[in-house]
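What follows is the residue order along each chain.
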Amino acid sequence: MKALLMHRDRDFDARELPWNQRALVQDLELPTLLAAMARGDKLVHEVALKALLTGCRNDPDTILYRQAIARDALANPAALRELYGLTWEALESKRKSFWGVWGRHPSSVLFGATEMMQMFAGMLRRLRGIARAHAASFASEGFTALFGMLERELTDEYLARVEAHLAGLRFRGGVLISAELGPGNAGRRFVLREPHEDRRPWLRRVLARDPPGYTYRVPDRDEAGAQALSDLRDRGIDRVANALAQSADHVESFLQLLRAELAFYVGCLNLHESLAALAAPTCFPWPSAAGQRRLRCRGLYDPCLALQMQRRIVGNGVDAGARSAVIVTGANQGGKSSFLRAVGVAQLAMQCGMFAAAESFDGELCTGLVTHYKREEDATLERGKLDEELARMSEIVDHLAPNAMVLLNESFAATNEREGSEIARQVVSALLEKGIKVFFVTHLHAFAHRLFETAGGQAAFLRAERLPDGTRTFRLVEGEPLATSYGRDLYERIFAAGA
Amino acid sequence: MREEVEPPALRAHDADDADDADDAGAAPALRCGSILFPGADDVPARWQEAREPPDCFHDLNLGRVVEAITAGRQEYDLAPIFHAPLGSLDAVAYRQEAMRDMEHRALRQAVAAFAERMRAMRRLLAAAKESAYELARQRWHLAAVEVYTEAVERLAHDLGGAGLAARGLRGFRDALADRARSAAFRTLKDEARSLAAALQAIRYCMLIRDGSITVCRYRGESDHGAAVAETFRKFQQGAVKDYLYKFEDRPSMNHVEAEVLERVALLEPDAFAALARFYGQHADFVDPAIVRFDREIQFYAAYLDYVDRFRGAGLPFCYPQVSDRHRQVGARDTFDLALADKLVRENGTVVCNDFTLRGPERIFVVTGPNQGGKTTFARTFGQLHHLASLGCPVPGLEARLFLYDRLLTHFEREEDIVNLRGKLEDDLVRIHRILDQATPNSILILNEIFSSTTLADALLLGREVLRRIVRLDALCVCVTFLEELAARSEETTVSMVSAVDPCDPALRTFKIERRAADGLAHALSIAEKHRVTYRWLRERLRT
Numbered sequence: 000m001k002a003l004l005m006h007r008d009r010d011f012d013a014r015e016l017p018w019n020q021r022a023l024v025q026d027l028e029l030p031t032l033l034a035a036m037a038r039g040d041k042l043v044h045e046v047a048l049k050a051l052l053t054g055c056r057n058d059p060d061t062i063l064y065r066q067a068i069a070r071d072a073l074a075n076p077a078a079l080r081e082l083y084g085l086t087w088e089a090l091e092s093k094r095k096s097f098w099g100v101w102g103r104h105p106s107s108v109l110f111g112a113t114e115m116m117q118m119f120a121g122m123l124r125r126l127r128g129i130a131r132a133h134a135a136s137f138a139s140e141g142f143t144a145l146f147g148m149l150e151r152e153l154t155d156e157y158l159a160r161v162e163a164h165l166a167g168l169r170f171r172g173g174v175l176i177s178a179e180l181g182p183g184n185a186g187r188r189f190v191l192r193e194p195h196e197d198r199r200p201w202l203r204r205v206l207a208r209d210p211p212g213y214t215y216r217v218p219d220r221d222e223a224g225a226q227a228l229s230d231l232r233d234r235g236i237d238r239v240a241n242a243l244a245q246s247a248d249h250v251e252s253f254l255q256l257l258r259a260e261l262a263f264y265v266g267c268l269n270l271h272e273s274l275a276a277l278a279a280p281t282c283f284p285w286p287s288a289a290g291q292r293r294l295r296c297r298g299l300y301d302p303c304l305a306l307q308m309q310r311r312i313v314g315n316g317v318d319a320g321a322r323s324a325v326i327v328t329g330a331n332q333g334g335k336s337s338f339l340r341a342v343g344v345a346q347l348a349m350q351c352g353m354f355a356a357a358e359s360f361d362g363e364l365c366t367g368l369v370t371h372y373k374r375e376e377d378a379t380l381e382r383g384k385l386d387e388e389l390a391r392m393s394e395i396v397d398h399l400a401p402n403a404m405v406l407l408n409e410s411f412a413a414t415n416e417r418e419g420s421e422i423a424r425q426v427v428s429a430l431l432e433k434g435i436k437v438f439f440v441t442h443l444h445a446f447a448h449r450l451f452e453t454a455g456g457q458a459a460f461l462r463a464e465r466l467p468d469g470t471r472t473f474r475l476v477e478g479e480p481l482a483t484s485y486g487r488d489l490y491e492r493i494f495a496a497g498a
Numbered sequence: 000m001r002e003e004v005e006p007p008a009l010r011a012h013d014a015d016d017a018d019d020a021d022d023a024g025a026a027p028a029l030r031c032g033s034i035l036f037p038g039a040d041d042v043p044a045r046w047q048e049a050r051e052p053p054d055c056f057h058d059l060n061l062g063r064v065v066e067a068i069t070a071g072r073q074e075y076d077l078a079p080i081f082h083a084p085l086g087s088l089d090a091v092a093y094r095q096e097a098m099r100d101m102e103h104r105a106l107r108q109a110v111a112a113f114a115e116r117m118r119a120m121r122r123l124l125a126a127a128k129e130s131a132y133e134l135a136r137q138r139w140h141l142a143a144v145e146v147y148t149e150a151v152e153r154l155a156h157d158l159g160g161a162g163l164a165a166r167g168l169r170g171f172r173d174a175l176a177d178r179a180r181s182a183a184f185r186t187l188k189d190e191a192r193s194l195a196a197a198l199q200a201i202r203y204c205m206l207i208r209d210g211s212i213t214v215c216r217y218r219g220e221s222d223h224g225a226a227v228a229e230t231f232r233k234f235q236q237g238a239v240k241d242y243l244y245k246f247e248d249r250p251s252m253n254h255v256e257a258e259v260l261e262r263v264a265l266l267e268p269d270a271f272a273a274l275a276r277f278y279g280q281h282a283d284f285v286d287p288a289i290v291r292f293d294r295e296i297q298f299y300a301a302y303l304d305y306v307d308r309f310r311g312a313g314l315p316f317c318y319p320q321v322s323d324r325h326r327q328v329g330a331r332d333t334f335d336l337a338l339a340d341k342l343v344r345e346n347g348t349v350v351c352n353d354f355t356l357r358g359p360e361r362i363f364v365v366t367g368p369n370q371g372g373k374t375t376f377a378r379t380f381g382q383l384h385h386l387a388s389l390g391c392p393v394p395g396l397e398a399r400l401f402l403y404d405r406l407l408t409h410f411e412r413e414e415d416i417v418n419l420r421g422k423l424e425d426d427l428v429r430i431h432r433i434l435d436q437a438t439p440n441s442i443l444i445l446n447e448i449f450s451s452t453t454l455a456d457a458l459l460l461g462r463e464v465l466r467r468i469v470r471l472d473a474l475c476v477c478v479t480f481l482e483e484l485a486a487r488s489e490e491t492t493v494s495m496v497s498a499v500d501p502c503d504p505a506l507r508t509f510k511i512e513r514r515a516a517d518g519l520a521h522a523l524s525i526a527e528k529h530r531v532t533y534r535w536l537r538e539r540l541r542t
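These protein sequence lines are chains H and G, in that order. Mapping to numbering that gives the first Met the number 0: the first sequence position 344 is 343, numbers consecutive. Mapping to numbering that gives the first Met the number 0: the second sequence position 426 is 425, numbers consecutive.
Derived from the structure by calculation, the hints contain no laboratory data. Keep in mind that a hint or two might mislead.
Each computed DSSO-like pair below joins lysine-lysine, with the alpha-carbon atoms no more than 27 Å apart [to be verified]: (1) G/K128 with H/K1; (2) H/K95 with G/K233; (3) H/K93 with G/K510; (4) H/K95 with G/K240; (5) G/K188 with G/K128.
For clarity, every value in this text was computed on a predicted model and none was experimentally measured.
Build the full structure now, drawing on both the sequences and the hints.
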């Protein structure tokens, strides 16, 4: 039995997070997003984080599969929360019960496992009940399959058989064990046996007594003998105790997986509610396969900023078409960084199957998302700032595959403009040649200008809009990078401050 | 069912057996000699085994070598064999032959398999001996017989196909083949096998209730655990924790199990009656000659396993030519085993050395810088001779060695904190004793003699000792800081010098070269460093 709410054919497995998870979380302000998704639920927080960070491994099919489930979740908030709550209740009552702490001996393992199975059987019956009550209002393939599976696997007949087994394992008629003679004629290969159900008429039963057994009775005061007897009994029930305990563990891990996979959709639901409360738009993106250069969006905004400011914020529209690079220039405080974050968060949201913070979003899947941001704190005093930046760039290069996406935010600004531009030019040209997508927020005019002249077809150029009176609209407009002094002034100021 | 052997004939049987080995029951011991000594009965005791190591062992680090060789084989008590050098060329050849046969991988594996089975047999016999319950004891004994017959049969087969060349191994092989073919052995094996099969097929049931246990026949009752597992299979989610209890492996059964076993015997009277009969008939089934082989073959196996370590690191071993007349000994690319063992473990580099004595030469005088490998060279010389006298291959590409009567060593005793006079006196007493014992067929190894006196004294005493050794015509290695001793122009003495790295005179190479001890080594190596040697100048100066 599997939940299969994250993948059509397998469990959600996010043990391996991408190498740059810390940078992503920091640069894209993910803690704000995650807090809104989790609302204090640690499990939702953990699952949402993993889902966001591992989205780059999903294909378009998986993404659409999850989107459908997420739509169901948004449409049936009460049922979703009820299912999620039941998984918590089952797992919590296991955690709080004394059965969880089984002894090591087979008899105590068997006792604990029997009790636990009894409880789980009841929980599974309730789970099936919820599924039955709400099946009609769920449309997604994932939920339909899950509910169908619960109906199919947990029939009344099956649950009755489980109960019968649990009763039989209390061994009212004694424990019957078969054995063979091993080394030194000691018994081995102990196998617990189900006594034949005697369906013969009582008269034949009495007459056809099988060859009699030979009985040994342990003397009353023989404590070692009693111990030896219970040791033999333990050997007999060891395997069945193990089987039952493992089955209980399996049921538990099914419930855990179900809970974890539901948690992702609970997170989606929470975030959706929070953004809806700000009247901030959301949409389910249309994912294109990696390699099909495509980025077209309307009203794209940074949900983290919206959540922090608790209001709807200005969105941007971009149509990069088939171009592999988006170069953003222009005045400081013009919404450039916020745009870059919006692009990154939307990309992660799309790739994990969630809705995006935009009015519409058509994008291409990437094979990996990395950020190269100016780092404020200098961890090691020995290294110069540019040295540190380039070391990080080098580390990034180690991990890049074609169709990865790199977000650069004021990279290579730790030197003068000419040199910074040259480094940027070399890095960006190489990345583009190797089929890597680049989003670059920069003040390096020489670089941006030269790229515009030489590789205009490969790159879209956006400029932070600044009205003649100096007002920033926080809107980006497409256009040639300007050689105006805004950028340069700011750059020099920053550089002077940084130096 | 298996054939029944008539039980009443048991006692009379043994008496008949003396003149007819091809009958059931205990067979007489194999008639064959030792695989370590030709005609073992006439070998002098001191060549056979020595509990205590010879005096030279400590100085030559041979104690450590033997410890490493015999490690993991304590049960065979092999060290006494390694302590006892052989006194005849034929005895050396006898072992070299067997050692060469044992170089074949297939034979080594066969011997290892045999040894493993014999070890298993001993464990089973020990279990039988320790068992408190008759029915258990009988079964342990039966298992020991099964392993033993398998061991003998496999060994006979493997030795038969091994293409043996060694006299000792061929003799044993033939005797063993006869044994494995004998009717008595076949009967023993077949009976054991069918009896074990009958016991193995027994299956019974126990019904355990409060305080009692009922033993009865198994009547096809179904597997309860499997049914439970089947019911819950649909929840399976990949690997989970294992709750199987780790029951201790009890060496012996407890009394409840013994009671159960007795009741199983009541259910299966035929099989248990046959087991009791078998036990009575074959109490003593192990052949002492096979036990002896099991130990003696380990001498070869142990040594060759040890050698493999070095060969694996690219270090050569060879079968030395051994002579009891020619003293023109020599070896190529040889090395100190104890040191090499350590270096190989640490992935270090082992430096190999050559030495040769020609014509009347008898004495190596080794000089040169400290820590340059002089003592190592002296040890190597001694180790090679001791190992050769055991019939073992020795370190090196090739070697001609001498079959000595005594290997006498004098190494400086490090820990002695005595006054100078005391130490010199001690040195003299020990040297005197050595010279007293030495014959022309002895080998003497002297390391840093007379280091505790003035130069003039040391020279005087050193020359005197060497003169005596020359007169004795014995082989000798003398390590000394006294270059004057090496400068003797006598034709019996060869000067060996520990070399230094030409590019860096401060670096020891641990190479010992045959060269005059003229003190030029240092100057030459500095010239080398500055590329002003003849060779360099020819290369550097353009024509």
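Hints versus structure:
| no. | hint | verdict |
| --- | --- | --- |
| 1 | G/K128 with H/K1 | violated, 56 Å |
| 2 | H/K95 with G/K233 | holds, 26 Å |
| 3 | H/K93 with G/K510 | violated, 74 Å |
| 4 | H/K95 with G/K240 | holds, 20 Å |
| 5 | G/K188 with G/K128 | holds, 21 Å |
Hints 1 and 3 from the list above are not met by this structure, while the remaining hints are.
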